[in-house]
Each structure stands twice: as structure tokens, then as C-alpha cells.
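J.: Spelled out from the first residue to the last, the chains are:
Number of protein chains: 2
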Amino acid sequence: MKEIKVFAPATVANLSCGFDVLGCCLDNVGDEMIIRENDLNEVRITKITGQDLPMEADKNVAGVAVKSLLTRLGSDKGFDIEIDKKILPGSGIGSSAASSAGAVYAVNYLLGEPYTLKELIPFAMAGEMLASGNAHADNVAPALLGGFSLIRSYEPLEVISLPVPPDLKMVILHPLIEIKTRDSRSIIKQNVSLRNAISQWGNLGAFVSALYSNDYELLGRSLKDEIVEPVRSILIPYFSELQKLSKEEGALGFGISGSGPSVFALCKGEKVAEKVRDSIQNFYCKKGIDFNLHLSGISNEGVKIL
Amino acid sequence: MKEIKVFAPATVANLSCGFDVLGCCLDNVGDEMIIRENDLNEVRITKITGQDLPMEADKNVAGVAVKSLLTRLGSDKGFDIEIDKKILPGSGIGSSAASSAGAVYAVNYLLGEPYTLKELIPFAMAGEMLASGNAHADNVAPALLGGFSLIRSYEPLEVISLPVPPDLKMVILHPLIEIKTRDSRSIIKQNVSLRNAISQWGNLGAFVSALYSNDYELLGRSLKDEIVEPVRSILIPYFSELQKLSKEEGALGFGISGSGPSVFALCKGEKVAEKVRDSIQNFYCKKGIDFNLHLSGISNEGVKIL
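Taken in sequence, the protein lines are chains V and U. The letter at position 99 of the first sequence is residue 99 when you use the UniProt record's numbering, and the numbering goes up by one with no holes. The letter at position 25 of the second sequence is residue 25 when you use the UniProt record's numbering, and the numbering goes up by one with no holes.
The following block holds chain V by itself, in its conformation from the complex (with noise of 0.2 Å):
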């Protein structure tokens, strides 16, 4: 039976003024995953290594993203996935967006591609859906595209890719304790002030010039999240000090992923990210936090074949 082996990577969502709306994605921080074919007019969950996720495909987020494809297709083939888990599910750099999106890519590809890659993203999206009770796309949208995706639109959904400035680095600090995205979404106020929502979209359409124009400096200055980074930083042990810390250490901005509790420092060229990183790794081994650090660039491309 044909299968076939894919790279899922890991995705920082929720990016600052970008919040719902603007994802990118890591170039080595992923999942593997096998894809086999099988006889069985079945969705199987047969293998998963590296953490304890549901086995049955109507509990697991790869299950339930292959059966939506499949459903729409009208197709009755069966698959097995296999799953060796490396981003941590509650990190907040898009774990449950890995598996979905890498599940639907190799089942897509071993179809012979009846959906190009956009239109794989409501597919991805239900798994989201399993793991959080809501739907969202800035996570499966840069793991499937690559780069950075901004969601113009949920309804209809419509998904922009926008460029990759050349020398983007991400350092991304993961604390070892939980927050549900659930929960995280649950202390964000509903209402904001049209000041604070105003200077958000101001930022964000910097931000975007700042892609296109491969102005680093803007893209720092654009880094700013007065809505839902005050609430949710609470809940992230030494925020704000690692956000100054990695300031000082020349970071263009610093935010944190997806619902957390990961944070993101956002870094121009290898150098000045190994020095942030450095540093937020002496800074938390000092405080005796324990964590998972990442240095990564921004992928062009989202899942990948192995």
C-alpha cells in the first residue's frame, strides 16, 4: 500500500498585533509522521510516539482532519497515521495544528492532490475545532502554506500568504507548565476599547509593510499587543522580564505564542538570536523554571516530505 512520510512543523500564532488573524511557521520544530494506505475503508490511529494522545481517530485531531477530507471528497479509503510526536501538545506553538495539518497533506498527496493547499485549511480547521472548540486558522494556515499566513476572513475563510524577510529568526521559550487554549481564551475580554483596537490595526498593517519591505525595525516596532498580551501574559512566569531581557539582547520584538504559555522573541540574523536565547535560557535556569527552548528560521514551506 502506498505511504509516505512527512515533516509537520510547529507554527507561532496569535503574533502580537496579529492576534487571530497572523501565524507563521518554524523551519525545525515539527512532528513526523507516516501515512500508509490501507484496506480497511478505515481512519486508523495506529501508532503514536513522544507523548499519550488519543489512539481512537474520532478523539485525535489527525483523525478527525482526514475523515473531513474524506467526507468531502465522498471518498471511502482508509488510512493509517502514525504519529511521532515532538511539539508538545499545550506549548502553544500550534501542536494539535501540526498533526492536523501534516495528516491532511500526506492523505491529499497520497489521493493524487485533488485539493491544492489553501483548500486544505478547513480540513486542518476541524481538527482545530476537536482541540480547542474553536476553529481557527492561524496555526493550520501557516503549517500547510509555510511563511507567514494572515486570515482576512473566517467566513468566507481567506487566507494570505505574505513574504518571509530574508533573515527572521525566531527564539521560542516553552515554560513547562499547562494552559489550556480553552482556558486562555476564556480570560480575554470581549469588548475592547476602539484606542487600543485602533493602534492594534495600525500595527498590524505596519507589520505587513515591514514584511514587504524587509524593514526590520518596523517589524519590532509593529510587535505591540495592548488587548490580549496584558491578560495573557499573567499567566506566563516572568513575562515581562523576559521580554525586556530579550529587548536588551537586540530582539525586534517579543510576544507570546499562541495562547502560550510559549513566548516568541522575534530576531534579525542567527547572532542576536543565540544571544537571546542564551540569555532567556540563564535567566530561567536561574529562577529554576523548567523549560524547552527553540531557535528556529521562518520555513518558506509548511509540511514537508521526509
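If you are wondering where the hints come from, they were derived from the structure by calculation, not from laboratory data. There may be inaccurate statements among the hints.
You can't tell identical chains apart in this list, so a pair holds if it fits in one copy or across any two.
[Stated by the list, open to error] Derived lysine to any residue pairs resembling SDA-like cross-links, with alpha carbons at most 25 Å apart:
(1) Lys118 / Arg221
(2) Lys2 / Glu119
(3) Lys244 / Asp58
(4) Lys118 / Asp215
(5) Lys189 / Ser153
(6) Lys67 / Asn196
Remember, predicted model here, so these are calculated numbers, not experimental data.
Based on these hints, arrange chain U on the given structure of chain V.
T.: For chain U alone, coordinates are given in the frame of chain V:
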């Protein structure tokens, strides 16, 4: 004594999704101004044609803007300002901004250009403060810089110039009714739903992307405003009919210019713009409402020396 004659362009601000942060510069609608050095160490409004506006420098936006520039520069030079006012005050296409921008541009030129165009923006904003009680920059910035201006931040002031897709045309309808900017602001709610705010910043991000990628269709889809337009459009006779009509004739988008009552239709190409203009004209004639109507390109240059 040295003198200069300038064209001070009309501008369209609050461009739908870019409320308070985005404006653009028209190329064939504007005032003419003559600024002349005098030896009286005094700023004077010496002549105003076309409109009945304050001749006292401290009560005229051009006088206030120039005085703000001279004060900052520590200069005691005097200037006479003549304004041939072609943009109707209260029309919503930057009448006060044109006078303020034209005056500071001309005086700066006569003084040997101590300031860059961007540095002139705060002086012109002093004129806006007098006109509307609010020192907004989204008219004066495009009036000085040309093209599309995005205000990323007010404190500190940062204005970003965005590219202009070559085929963009604007039809501007000015229904001859009066809405004071001050009143038009007071009806806006000071809190908005997070949901609407997210739509707005998704659209603004997409609009900026479309300007860089010359994606006219995306420009049109992004020109939405779920926050201010629903409230302000009530003040404009037949707003929704005009919006529908314009889109049927091929306009990319349709919205309120500034704080109204003018409305704009953004179009790709002269021919579509002419169709839109003619339909609007027929419609408003039938309704028996007096109006002015303009068809203009977006100018890459702001104030121009004549």
C-alpha cells in the same frame, strides 16, 4: 520678497478598514495657495477666495500650522498666506488638512527646507487640532507625502508610506449636507467587540498586502468597516443604495471619506470609474439632492509647487 504658489491636495482618510490610520492623496482635487514672505515678523491670512473662512491667523488652520512650525524653529519670520479654497470645508475630503499641509509645505520651502516632509506632519496636525479638536494625521500625512499613508502610531508619531497600484481611481461624491467632524466623532462608540476588531485588523493587513502586490480584487474585498461605517453611514443620504450601485458598476469598494458626508468608490481603471461616477450622478439627480462629484487618481506626490 520670496513667494511660492502651491497645489494643496484633497485627501480621503478613514479608508474603511483603516479608520483613523489610513488615508490617501487625490491628484486633481485641491486648493491653490500663495505664500509670500513679509517683513512684518507676522503670519497673516491676506486673502481667501472661494469660501468664507477666518482671516485671523490664530483662527485659520493654515495660520496655526505655520505658527507652530515657526515656533518650533525659533524663527520670527513673517508670511502672508493667500488661499484659493476649492475644497469645501466640512466635505470630508481633508479641506482643513489641505490648507494646513499646503501652508507648512510652502513656508518650509521658502525657509530652505529645514524639515523633511515627514517632519512637517506634526505642524500640519496643529491645524487639524484647531479644525476638529483632534490632531489626527490621516489627512495631513497623505496631503504632504502623497500616495497612501498609514499611521502606525501617534505617540510617537510614525507614518509609513505605502505603494500605490497604478490603475487606482477614486470617485468622490460630496452630498451638499453638513456634518461637523466633531459631531461625526461623537456618535462613534468608544468600545468595540473583539470580534469586529479582529475582522478590521485582518482586513487592514490584507489591504496593505494588496497595495504591495497590486491585487485589486483583494483591495476590494478588504475595504470593509464593521465598526464605524454602520454608525456613520446613517448620516449620509442613501449610503447603502450608493454602495450597492457602485459595486454593481464594478467599483472595488465603497466607503465613507473621512467623517463624511463625502463617500468614495475605489475603482480599477478610468472606464470603471466613469461608469460608477455616471451612475451615482444619475441616482442622486433623481433623488433631488445637491452634490459635487469628482473622479481622481491617487497622487504619488502630495503638495506640489505650481
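J.: Now tell me, hint by hint, if it's right for this structure.
T.: Here is how each hint holds up against the structure:
1. Proximity of Lys118 and Arg221 under a CA criterion of 25 Å is satisfied inter-copy only: 18 Å between copies versus 30 Å inside one chain copy.
2. In this homomeric assembly, Lys2 and Glu119 come within 25 Å of each other (Cα to Cα) only inside a single copy, at 23 Å, whereas the closest approach across copies is 64 Å.
3. In the homo-oligomer, the alpha carbons of Lys244 and Asp58 never lie at most 25 Å apart, since the shortest distance is 43 Å inside one protomer and 45 Å across protomers.
4. Taking the shortest alpha-carbon separations for Lys118 and Asp215, only the inter-copy value of 18 Å comes in at or below 25 Å, while the best intra-copy value is 27 Å.
5. For a Cα distance limit of 25 Å, the shortest separation of Lys189 from Ser153 qualifies both inside one copy, at 21 Å, and across copies, at 23 Å.
6. Proximity of Lys67 to Asn196 under the C-alpha cut-off of 25 Å is found in neither arrangement, the shortest distances being 41 Å within a copy and 32 Å between copies.
The structure fails to meet hints 3, 6 from the earlier list, while all remaining hints are met.
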